[in-house]
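Read top to bottom, the protein sequences are chains A, B and C. Each residue of the first sequence is one higher than the last, beginning at 1 in our numbering. Each residue of the second sequence is one higher than the last, beginning at 1 in our numbering. Each residue of the third sequence is one higher than the last, beginning at 1 in our numbering.
Calculated from the structure, these hints are not laboratory results. There are no misleading hints in this set.
Okay, derived cross-link-like pairs now, DSS-like style, lysine-lysine, Cα gap no bigger than 25 Å in a straight line:
hint: 1; chain 1: A; residue 1: 245; chain 2: B; residue 2: 7
hint: 2; chain 1: C; residue 1: 204; chain 2: A; residue 2: 452
hint: 3; chain 1: A; residue 1: 436; chain 2: A; residue 2: 462
hint: 4; chain 1: A; residue 1: 23; chain 2: A; residue 2: 165
hint: 5; chain 1: B; residue 1: 4; chain 2: A; residue 2: 73
hint: 6; chain 1: A; residue 1: 9; chain 2: A; residue 2: 404
hint: 7; chain 1: C; residue 1: 203; chain 2: A; residue 2: 449
hint: 8; chain 1: B; residue 1: 4; chain 2: A; residue 2: 101
hint: 9; chain 1: A; residue 1: 353; chain 2: A; residue 2: 404
hint: 10; chain 1: A; residue 1: 416; chain 2: C; residue 2: 32
hint: 11; chain 1: B; residue 1: 171; chain 2: A; residue 2: 81
hint: 12; chain 1: A; residue 1: 181; chain 2: A; residue 2: 170
hint: 13; chain 1: A; residue 1: 387; chain 2: A; residue 2: 404
hint: 14; chain 1: A; residue 1: 81; chain 2: B; residue 2: 7
hint: 15; chain 1: A; residue 1: 165; chain 2: A; residue 2: 22
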Amino acid sequence: MITERIDFKKNSVEALGNPKLKKALVNFTDRSRASRQKAVSGVSEWEELRSEARGIKEEVIKNLDSYLLELEKSVTRLGGKVHWAKNAEEASAIVVDIARKNNVKNVVKSKSMATEEIELNRHLISNGINTVETDLGEYIVQLCDDHPFHIITPAIHKTKEDISKLFSEKFDVPEYEDPQKLTNIARKELREKFLSADMGISGVNFAVAETGTIAIVENEGNARLATTFPDIHVAIMGIEKIVPKLKQLSIFLSLLARSATGQKSSTYVSLITGPRREGESDGPQQFHLVFVDNGRSDIAKSEETRESLYCIRCGACINICPVYRQVGGHSYGLVYSGPIGAIITPQLNDPQKTADLPFASSLCGACRDVCPVKIDFPHVLLSLRQKVVEETKGRANLQGLMEKIAFQVWSFVFSKPFYYSLTGRMMVFLQYFYQKDNELRGLPYPFSKWTKEKNFPAFSRKPFRKRWKEQYHGKNGIMR
Amino acid sequence: MNSKESKAFILQNLRSALREDKEMSRSTGKVFVDPQLSIDQSKLQNDFIVNFEMVSGEVHLLGEKENLTEKINELIRELDAQSVSFWNMNSLKSLEFTSEIDLANADIGITGADFAIADTGTLVLLSSPEQPRLTSLLPPVHIAILEKENIVLDIHALFARLGKSYENYDKLCSCISFITGPSRTADIELNLTLGVHGPGRAIVVIV
Amino acid sequence: MLRVLSGMGLEVEFPQDQTCCGQPAFNSGHRKEAEKVACHFLDVFSDSNKAIVCPSGSCVSMVKNYYTQLFRDDPERLSRAEKISSNIYEFSEFVFQRKERISFNSSYRGRVTFHDSCHALRELGISSQPRELIKSLNGVDLVEMEMADACCGFGGTFSIKYPEVSKSMLQEKTDSIVNSGADAVVSTDMGCLMNIKGLVSRKKLPVKVLHLAELLAFEGSE
Numbered sequence: 001m002i003t004e005r006i007d008f009k010k011n012s013v014e015a016l017g018n019p020k021l022k023k024a025l026v027n028f029t030d031r032s033r034a035s036r037q038k039a040v041s042g043v044s045e046w047e048e049l050r051s052e053a054r055g056i057k058e059e060v061i062k063n064l065d066s067y068l069l070e071l072e073k074s075v076t077r078l079g080g081k082v083h084w085a086k087n088a089e090e091a092s093a094i095v096v097d098i099a100r101k102n103n104v105k106n107v108v109k110s111k112s113m114a115t116e117e118i119e120l121n122r123h124l125i126s127n128g129i130n131t132v133e134t135d136l137g138e139y140i141v142q143l144c145d146d147h148p149f150h151i152i153t154p155a156i157h158k159t160k161e162d163i164s165k166l167f168s169e170k171f172d173v174p175e176y177e178d179p180q181k182l183t184n185i186a187r188k189e190l191r192e193k194f195l196s197a198d199m200g201i202s203g204v205n206f207a208v209a210e211t212g213t214i215a216i217v218e219n220e221g222n223a224r225l226a227t228t229f230p231d232i233h234v235a236i237m238g239i240e241k242i243v244p245k246l247k248q249l250s251i252f253l254s255l256l257a258r259s260a261t262g263q264k265s266s267t268y269v270s271l272i273t274g275p276r277r278e279g280e281s282d283g284p285q286q287f288h289l290v291f292v293d294n295g296r297s298d299i300a301k302s303e304e305t306r307e308s309l310y311c312i313r314c315g316a317c318i319n320i321c322p323v324y325r326q327v328g329g330h331s332y333g334l335v336y337s338g339p340i341g342a343i344i345t346p347q348l349n350d351p352q353k354t355a356d357l358p359f360a361s362s363l364c365g366a367c368r369d370v371c372p373v374k375i376d377f378p379h380v381l382l383s384l385r386q387k388v389v390e391e392t393k394g395r396a397n398l399q400g401l402m403e404k405i406a407f408q409v410w411s412f413v414f415s416k417p418f419y420y421s422l423t424g425r426m427m428v429f430l431q432y433f434y435q436k437d438n439e440l441r442g443l444p445y446p447f448s449k450w451t452k453e454k455n456f457p458a459f460s461r462k463p464f465r466k467r468w469k470e471q472y473h474g475k476n477g478i479m480r
Numbered sequence: 001m002n003s004k005e006s007k008a009f010i011l012q013n014l015r016s017a018l019r020e021d022k023e024m025s026r027s028t029g030k031v032f033v034d035p036q037l038s039i040d041q042s043k044l045q046n047d048f049i050v051n052f053e054m055v056s057g058e059v060h061l062l063g064e065k066e067n068l069t070e071k072i073n074e075l076i077r078e079l080d081a082q083s084v085s086f087w088n089m090n091s092l093k094s095l096e097f098t099s100e101i102d103l104a105n106a107d108i109g110i111t112g113a114d115f116a117i118a119d120t121g122t123l124v125l126l127s128s129p130e131q132p133r134l135t136s137l138l139p140p141v142h143i144a145i146l147e148k149e150n151i152v153l154d155i156h157a158l159f160a161r162l163g164k165s166y167e168n169y170d171k172l173c174s175c176i177s178f179i180t181g182p183s184r185t186a187d188i189e190l191n192l193t194l195g196v197h198g199p200g201r202a203i204v205v206i207v
Numbered sequence: 001m002l003r004v005l006s007g008m009g010l011e012v013e014f015p016q017d018q019t020c021c022g023q024p025a026f027n028s029g030h031r032k033e034a035e036k037v038a039c040h041f042l043d044v045f046s047d048s049n050k051a052i053v054c055p056s057g058s059c060v061s062m063v064k065n066y067y068t069q070l071f072r073d074d075p076e077r078l079s080r081a082e083k084i085s086s087n088i089y090e091f092s093e094f095v096f097q098r099k100e101r102i103s104f105n106s107s108y109r110g111r112v113t114f115h116d117s118c119h120a121l122r123e124l125g126i127s128s129q130p131r132e133l134i135k136s137l138n139g140v141d142l143v144e145m146e147m148a149d150a151c152c153g154f155g156g157t158f159s160i161k162y163p164e165v166s167k168s169m170l171q172e173k174t175d176s177i178v179n180s181g182a183d184a185v186v187s188t189d190m191g192c193l194m195n196i197k198g199l200v201s202r203k204k205l206p207v208k209v210l211h212l213a214e215l216l217a218f219e220g221s222e
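So that you can see chain A by itself, here it is in the shape it has in the complex:
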C-alpha cells in the first residue's frame, strides 16, 4: 500500500546526485548484462524456449480460475492447506493467524517479493512475532531498516564498507572488509535463527497445478533451511505463478537462472510437494500455501496489459534498462523496479499515485528483447500512459492539463499544412533571440528543460519545402 504519490522525478534526481550509487549501478548492470549474454548464447534453442514459455503463460492466465482450483485440490490432497487472500492486508492477516494458532514466536523468511509487496514483516513484527530475513542481501537491508534495491540482489546499493560497519555495530565484531569473512559472520548469526525458528516463510517461483508442487529457486540455501527446518512452512504466491504441468518446469527453470544471474542453473532448486511424509525425519509438519490476488485478477481483465502477469521475476529487464542504470531501484517507489516496476506498480496500486512510472522509460525496448516470456514492455507502457492521460482531469494535475492542451494545439497544427508552415515561419522569427551558430539556447519553459543542458537545432530560415519548390518544379515536384 502506498500513502504518498511516487515522485519519480524527485527520487531520480536524488539518486543521480549520489556518485557512489552510480558507480555501484554501472558495475552491477555491466556485469549482470555480460553474464546473462554469455549464458544465453550457450543455449541454441533459447528463442524456442521463450516462445514456449510465453505460450504456456498465455494459456495459464486465460484459464487461471480453473488452474487455481486444480492447484488447491492437489495441495489439499497431500495434506497441505490453501488460503485465498484478495488483498495485501488479508494475506498478512492469514499468516499472522497461522502463527498465532500455532503459538509461533520466531519466524525465518527467505526472499520473496510477494511478501515485500504485502509488507508481511511489518504485520508479523507488530504482532510480536520475531521475523528475520535470511537471504544475505535481504538480511543486510533489514538490519539497516531499508528497502530492497533490486529483486534479485537486494543490497547491491551497499558497499562492503557499509556492511562491515553495520555488522560491527550489530554483532560486536571487528570491521572486516573481506566479503567472505562478512558472509561467515552472517552464516553464524543466521544459523542460530534457523535452529530456533518455529515457522518458515518462503515465496514461490512456480506452482505446479497438476501436482501441487512449489518450486523455489535460490543460491544461498536459506530457502531450503527455512522450508525444511521449522515445523510450519508458509509459502506465499501471487496467483499468476502457476505452471500447469510438472515437466513444463524444465522450460521455466532453464530460462530463469540464465536470465536472472547468468547461471546455467541456480545453486539450489527445491521442488516441494506437500508437508513431510510418514517416516521422514525432516521437512515441515504443516504446509500452507497463500494465494495473493492484490489486484492481479484486475490486471487479467485488460487485454492490453494482461501480459504483465507473465513475469517470472528474473530481473533481466532491470539489469538491461538504461534508465534503471542511472536511477537505481528506490526511484520506483515500491519493491518492483526497472521496466517491470514501471508496468506492475501502477497496476497493483492507485493509478493516480503511481502515474509517474509508465513515463519513466525512453521506450528503447531493450527490456522486451531480454524478457524470457517476451513481455512487450513498450506496448504495455504505452497503454498505461494512455490510461493516465485519459484519467487526468481538472486542476488537480495542472501539468498534465497543460500537456493535454499542448498536444491538442500540436495535433491541430500538424494536421493542417497551412498552419504547419505558418508556425514554421513564426518559429524562425521567434527563435531570433535564442539563436547562436544555427542552434538555440536558453529557451523559455517548458523547452528550458531541454536547453538547460543541451542545444536545440534552429529552424532553417528557408524551410525545406520552400527550397524544394524553388529548386525543383511544381508543388509536388519530382527530382530526377
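Dock chains B and C against the given chain A, drawing on the hints supplied.
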C-alpha cells in the same frame, strides 16, 4: 477476513475478466528432449565434471580398483572431520564412522544422488525416510555419491526421466533438491562468497 | 538523402503537405491527438504506390507497428495503414537493398562510429545495413563504440519529463562516442541525432554528428 469469501471474489473476478476469450493454449507443447539423440555416457560424465567444477564443486572419480567405502573413509580423514552424518545406504554400512544423529553438529554430510544433470553440473536428490533433506544442507561439507549411469543430458531429459518414475503423482516425493555446487552468494558488491547458508564445499564421488 | 536517392537514379517526390506521423503524441499517451495527425499522414501518403523513404527508423516503426493499434476500430483507415506499412522504408534499409546500383560519392575521410537507434534496431531489426553502407565507403573506417545499442536518452517527451535522467543517459552515450576515438558519430534517426548533437555542441566535443545520408553524400572536407 474470510478465505472462502475471498476465494469466491477472486474466482468471480477472473471469470468475468476472461470469459470472452477462452481460446486454448498458444503453447505448442514442444518437447525439448530429443529422443533421437544418441547418449554418449562418457561425454555426459565429462560434461558433468566440467560444469560442476565450474561452480566451485569438487569431483573425485572412483578408479576401477578402488573401493568406495575406503575412498569415503579417506576423504573424511583428509577433511579432519570429528563427526559425520550420512544416508542409510548400503555402500556406507561399513564406514569407520557412525552416523551423527544431531546434524547441526556434523562436520560432513554424505548422501547419494538420484540423478545428475550434465549440462548444468547439477545433482538431484529425492527425499524419503532413508534420504533426509538436511544431510546435504546443514553440515559445512557435503559429499554426494553419484552412479555415472544416472547422469542425464539436460534439465529437459531430467524431467522426462522423473515423469517416467512418477506416472502417478500421488507418489511424488515431498522434496526434490537440485544442487549445483556449494552454497553461494554475491550479495556483497557482487563478490562471490561460498557457504553462506548451505555447505561451503560440495564434493561428488562418481562411481 | 535527396542526393543519395537521386544518385541511385531514383525519382524522388516530396509531398508538400506532409507533417508528422503522430508518434510524439502517441508515445505520450495522447491517442486522440496522435490519431488526428496520423489520419493526415494517411491522407497525404496512402494514394500512391511509391516507396516511402524516411530518415528516422522511429517514424517508420510508428507507421509499421503502431498504426494497426491506433486504427484498430476504423477498418477503412486500417486497410490504408496496412497498405502503407508494406511500402515504407527506413533510409538505410532502402538504400542497402539497392546497394549494387550505386557507388557513393562521399568525400568524407576518417573514423566514424555508429549509434543504433533503438526503434530501428529493435522494432525494425536494422543493424547491419547502415554498418555495411559505412564500410563500403573509401577512406572511412567504422569503429564500434561501447554499448552502441544503448539508448541515447532521447525517448521523445521522456527527455522533457525527466531531463536529468535523460541527460545522464546521454552523457554515457557521448562518453562512449568520444572514447571510441572516432571523429564522427553516425546514426539513422533524427531524434537521436538531435539529442546527441545537442550535448556535443554544448560541450564543444571534437566529434561531428551526422545522419547516415549526410555521410554517404558528404561534400567538401571535414
